[in-house]
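There are 4 protein chains.
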Amino acid sequence: MLDLKKIISSIADAGKKIFKKKDIKENDLVSIISLCDELLSNKGIVFGITVARDITNLYRVLSNENKLNFFKMINDKYKPDFSKVNEAIENFTKSQNEINLSYLFNAAEGKRRELFRRLNIAPNGTSIIVKMREELLRFLKENKNLIGLDNDLRHLFKAWFNPGFLKLEKITWETKALVLEKIIKHERVHSMKDMNDLKRRLGEDRRFFCYFHPALEDEPIIFVQVALTEGLGKSIQELMKPKSNSEKKLNTATFYSISNCQEGLARVTLGHFLIKRVLYEIQEELPYIKNFGTLSPIPGLAEWFFQQDESKIKNILGQNNENLSFLKSVNLKIGEPRIVSNKDNILKLVAHYLINEKDNNGFPLGDVTRFHLRNGAMIDDIVINANISDTGYKRSFGIMVNYLYELKNIEKNHEDFVNNKKVVYSNKLKNFL
Amino acid sequence: MLDLKKIISSIADAGKKIFKKKDIKENDLVSIISLCDELLSNKGIVFGITVARDITNLYRVLSNENKLNFFKMINDKYKPDFSKVNEAIENFTKSQNEINLSYLFNAAEGKRRELFRRLNIAPNGTSIIVKMREELLRFLKENKNLIGLDNDLRHLFKAWFNPGFLKLEKITWETKALVLEKIIKHERVHSMKDMNDLKRRLGEDRRFFCYFHPALEDEPIIFVQVALTEGLGKSIQELMKPKSNSEKKLNTATFYSISNCQEGLARVTLGHFLIKRVLYEIQEELPYIKNFGTLSPIPGLAEWFFQQDESKIKNILGQNNENLSFLKSVNLKIGEPRIVSNKDNILKLVAHYLINEKDNNGFPLGDVTRFHLRNGAMIDDIVINANISDTGYKRSFGIMVNYLYELKNIEKNHEDFVNNKKVVYSNKLKNFL
Amino acid sequence: MLDLKKIISSIADAGKKIFKKKDIKENDLVSIISLCDELLSNKGIVFGITVARDITNLYRVLSNENKLNFFKMINDKYKPDFSKVNEAIENFTKSQNEINLSYLFNAAEGKRRELFRRLNIAPNGTSIIVKMREELLRFLKENKNLIGLDNDLRHLFKAWFNPGFLKLEKITWETKALVLEKIIKHERVHSMKDMNDLKRRLGEDRRFFCYFHPALEDEPIIFVQVALTEGLGKSIQELMKPKSNSEKKLNTATFYSISNCQEGLARVTLGHFLIKRVLYEIQEELPYIKNFGTLSPIPGLAEWFFQQDESKIKNILGQNNENLSFLKSVNLKIGEPRIVSNKDNILKLVAHYLINEKDNNGFPLGDVTRFHLRNGAMIDDIVINANISDTGYKRSFGIMVNYLYELKNIEKNHEDFVNNKKVVYSNKLKNFL
Amino acid sequence: MLDLKKIISSIADAGKKIFKKKDIKENDLVSIISLCDELLSNKGIVFGITVARDITNLYRVLSNENKLNFFKMINDKYKPDFSKVNEAIENFTKSQNEINLSYLFNAAEGKRRELFRRLNIAPNGTSIIVKMREELLRFLKENKNLIGLDNDLRHLFKAWFNPGFLKLEKITWETKALVLEKIIKHERVHSMKDMNDLKRRLGEDRRFFCYFHPALEDEPIIFVQVALTEGLGKSIQELMKPKSNSEKKLNTATFYSISNCQEGLARVTLGHFLIKRVLYEIQEELPYIKNFGTLSPIPGLAEWFFQQDESKIKNILGQNNENLSFLKSVNLKIGEPRIVSNKDNILKLVAHYLINEKDNNGFPLGDVTRFHLRNGAMIDDIVINANISDTGYKRSFGIMVNYLYELKNIEKNHEDFVNNKKVVYSNKLKNFL
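Protein chains in written order, with the numbering used here: chain A, -15 to 417; chain B, -15 to 417; chain C, -15 to 417; chain D, -15 to 417.
None of these hints come from the bench; they were simulated from the model.
A couple of the hints might just be wrong.
When chains are identical, the list treats them as one kind, so a pair holds in a single copy or across two.
[Claimed, not checked] The calculated lysine-lysine pairs, modelled on DSS-like cross-linking and capped at a C-alpha distance of 25 Å, are: (1) K154 x K183; (2) K296 x K405; (3) K183 x K160; (4) K342 x K332; (5) K61 x K78; (6) K233 x K274; (7) K78 x K128; (8) K78 x K392; (9) K169 x K95; (10) K9 x K396.
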């Protein structure tokens, strides 16, 4: 494979020889916008590599303030031209056919998408555009009017990062250190200190899969970590221990972490594809693994609990309205024994949170819960002290959830959830309610 | 890299276990369309791999007639819904803002593109969809109303086959036979009989570059063949001879063939990107190569000539109106000596054809000429007996053209051509006119 | 992997800068021998790469005559020094211990082996030394006194080409053309015209394995070709036909060709390792293949037959002494019908040849027969018209042999053969005798 | 590449099917020796893979005591047979020719080497045999009579690990973690704590080269670390700091560490080949690097100094006989200021040690000094406080040496050293003496 990156300097040199160099100045909005105009012109089709490279190079050295200005300018300058849209509407209204509609469609698209399509041919283009959206997202909170630009980028990414283009790779101790280092950095659920932490997760009784995109070489997109266990895993701390020699009968794949790596790909959802693919892979490689499920966090539990008033909690717990207010103490210790002694009430509380607390659309409040139920899983178990760590206690008093993927019920569960908002859960959960 | 293709059967088996199997029948339009509906539904997001695979499998075994019917049905069923478009127009007209415009945009897009986006996640999805368009294009001539479907596919391909996603590879005698065999099959300009023919074109004084797409493994997309020569090459037959030992001072890259491999990618233009990339590559690898140009066919010359009447020809040739009618003889022999003896008149004729004969838009009639001029080349020379072969004589009496890519003038030539329709040519050509 | 070959020129340049250049002349024995002296000196250890490269470069351009002279000179100059040997003998005789014996051993080795050990570090060293032996073997017939040099090289190669260092690769249509071209050239049993011929042998129902050595990149060492068949293959021409669609129940691996590629490795036997390894590979990949055997030529049959007198033949055939003299006709046609009509006699004749005709050591006369019996196979069948080709008829009247490798009997057969010279054959063969 | 290791279990299974299994017992010398006999017999040629694998498997689980016994048994059983040697001597003495000499040579070799040659075809054979020698070397100190076995192994390794078979690879942050982990473990000169330590040594202004052997996949054999510096590096601690942004004019390659990884390859010297190869590589890649040298430890300095009596030291230092006895204090602190204040005397002392202190053969006492001088380097400088670490102070009071490889003098220096025992040093050193 000839390496485009390696010839950057060559292109630059050749480019300088081939093309008259305009007076391009660093950190200058006029320069970069005039190049964008050029890229969108006829010339852009033919001399795109050079122009696109110049834009990406200039973008990189813009001041933070000018990055925002740059986004504002392209958001505005290349947005759909309303007069052209109105013209196309008039035309279509007169004669309603597909050809006229396609003119309208093109007018309604504007030129922002095309700008990025052409920018993509710069060396490392895709990578830089993903980075651009990451930076755009930070500005977006304070600059709501950039939403149009963001929508265009997101839709573009949905086409470019179509799961059909992603490559699944197994991460092992034979993976290059460069990639492993990025993996460590991007792990969000159960963070890793160093390579040794990671090595444990690549052991014989573990599986680690990552999606890559061909245009983002050595850049993890999203990855998932799986422990092979005897029954569903019930403790993150157990899963992190060195492999014991005790003869376990591994029969279950416990998915214990899934992390998105590219902030620039926010809301370009790929997680459910990854879980399905990995489920297939494990079935294929390890036919003796019969059960599939997760040991998942409940990120919003503590926050939700802190916001409930006393009466609501009593209502949930019924007559066993024992005082759980110790959970609200800022001094709550990791491994606090009252969590075990109040186990029944706590299980009731969490079961209620998972199953009965809903968002505005009538779906469960927790996004992890929504993610797995939409995928066709069921809530199988609530596990006390499953994550005896600072993060685990802060997030959800150390409590975690097993979601179960029963192959024969996945489709039915999914349809019940999506169509009827039905939350499927085990008999065990029923007892907690 | 985990191989999605290898796990097809596994997925199929797993799929059968996981999902209730509908009564899917082969060569049955109802079955395949109902799967398309499913793929476009919510379920498609989650269970896409299986549904998409089933559709591609069913498509493959449709009868030719049913393939046409299938295209007609999806063209119609998933086209933009005019009532929704009108609704969105009304909405936008009332309040003209970007949000309302984006609703209109979505309504105007219809669902055909989304169908293919989701189909793409099937194993080998991209490859099958490219094949689909190849077959669609054959039906299109007799079924003009399929144009909407074709436009959607073409636009999708422009996003998917963005040059930023293509990989340039050097084809050598170390390339796998599987790929070389496809290269031989796809060469269109100067066809190859077998591997030995190809081997000559991979010699030390030759370069052979091909674009690949990561989702179409081992499938050439478009390739270009270059001979390193002393001055621009003047004879295809010379270029095909074994390397001579005479000490030539190689200083020129003569591009002598460029071929698109995928009919399904028709009008998804990539040729000019390839030429520019290869120009960079050669500069980088071989700094002693100072000149770049082509030895190109004139595909339409003979056909054009046959259609001109006597007076037109006389007009072109001026007073030297010698009789060139021998060119029209069906018995014209390869290497006919009158071609040399009438050289001056013939050069005048061809120069006229290249420079003065225009299409409806005012650009040169020949598409090869348009391609290179748009790329920034100039017409450098017309070469008698440059292709002494059956094809060469049938196409253009054995005559070929050298287009020259002068690095310092490429951009100016391109702009003059695109903006002013100016055909740039050498002093030598001036003398022919 | 850093490529030593790529830096040849660099080394050469660096070498020129680093080392004072002696007056080295091309095709000059004094120059090359003085470099050999240097390589064997202390300096050789430190500056070996440069000196070794100079020697190999000089060797390559020696005239044929000087190559012979070169071999004669190093054969003589670096052979064991008898006076040192005698000294070491005296020393050992005085005091017989391992240390004194190791001095004797070293004296008896001479310096020829060390010369080649050091030459091996030249770029492509191994490859050039193998080539050297190939050329030495040609001289050897007329120059018997070079046998010492040849023995040293052969013993060195036995260490270097230890099967533990060889890599087995599957040859497929995905192998690089460069290698396939060499494979075609080296096939000796059933020759191939071109890549198409080879492609058939790489089909789904075929297997093609080749040993490579890490120091001889892309150079096949020895390869074997296998057809998956229903029962043992009985016709080479059938095996070369395109795959039929008739539903055959493939249950047998028929080895139909094994070829050594490197003449320079003559008598460095690797064939039996290859057969055993491939037998394992096929068992592993294709558990449904239950039987293993060959369809093998009888290279010496015709030649042997021509040398037998009438009475001997009559003796073999017993009372059915019909005249088989038509086989001796120079006009014997491929497919001659008398071969079928005299089938019984011919089978008797061939069975006799295979089983009862012995060499001086009491083993079967045919070397193919010896090879497979030593490997633990048995003679299973004699097949009339198994190779209806010019070569097949010339060699053995179109007759071939099935050797059968019964896994459970391989070891026993091998021991019976090696220790007791027992030729194991099937009941079918018994009937022929 | 078909992976022999992957099919171990397959071979084992196939082996069990194919060959009658003897009563092989674990940790049983009779079993393993009887298999060695078999391997050396005729059968070993044909069924070697299985027998060799069984031996290596049995060896691995021998108790430590039985490993020693095993070595004693094969050392004795397969040593040269003196009666055969004497017979061959008699034969040769009668008629002194090369053929008779080759019989003698074979008799003098014994069967130990052949045993290991055949053992080598076991899966991972080479790796296990290297391990065997590592264990043998530990026994050797107490069991001097095993020297014969060790010599045979070492000579075999000299053939197998011929530099012509080694592959040089650049170690970078793209190398697989598995290999980097081994590199960290094997670094002996300036040890590394973890991957972060290693990462610094793989930076842009560093080079890291390692030799690998094709039969020892992913096993580093020997590696060298180089810093690109402005002038020769003068401080290990500086070299370990993060890359500074100060614009340095890198013009020198400072080799600061070279480590052998395989104890089993002791005295199979490869270091000087590695240094020469890397010198070429750097010249090729970085033409602006003009100087080559080392920053090397003086491992024996402190030990030597402690053994010298007062008068000797006075003698060396001449009239400036200031008291350096503080160096002998067990409380000597890292960075002790008296080292700087006594700089002149210390430099004189070290210069004397390097240049004038000799071993029994008349070469310098320090083995690092001998290694570089033999390679053609000169002593360029002695650097106070070049290694301000515990190890650095213990070994040599923090003092290190710059050896300089002047390309134009390498050969001359080497010859002067080897032939005349001349120690070449700079004018600076001259001043110290």
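Consistency of the hints with the structure:
no.	hint	in the structure
1	K154 x K183	both (14 Å within a copy, 23 Å between copies)
2	K296 x K405	within (23 Å within a copy, 78 Å between copies)
3	K183 x K160	both (13 Å within a copy, 12 Å between copies)
4	K342 x K332	within (16 Å within a copy, 82 Å between copies)
5	K61 x K78	between (29 Å within a copy, 23 Å between copies)
6	K233 x K274	within (11 Å within a copy, 33 Å between copies)
7	K78 x K128	between (36 Å within a copy, 22 Å between copies)
8	K78 x K392	neither (53 Å within a copy, 50 Å between copies)
9	K169 x K95	neither (36 Å within a copy, 39 Å between copies)
10	K9 x K396	between (60 Å within a copy, 22 Å between copies)
In summary, the structure is inconsistent with hints 8 and 9 from the numbered list given earlier, while agreeing with the others.
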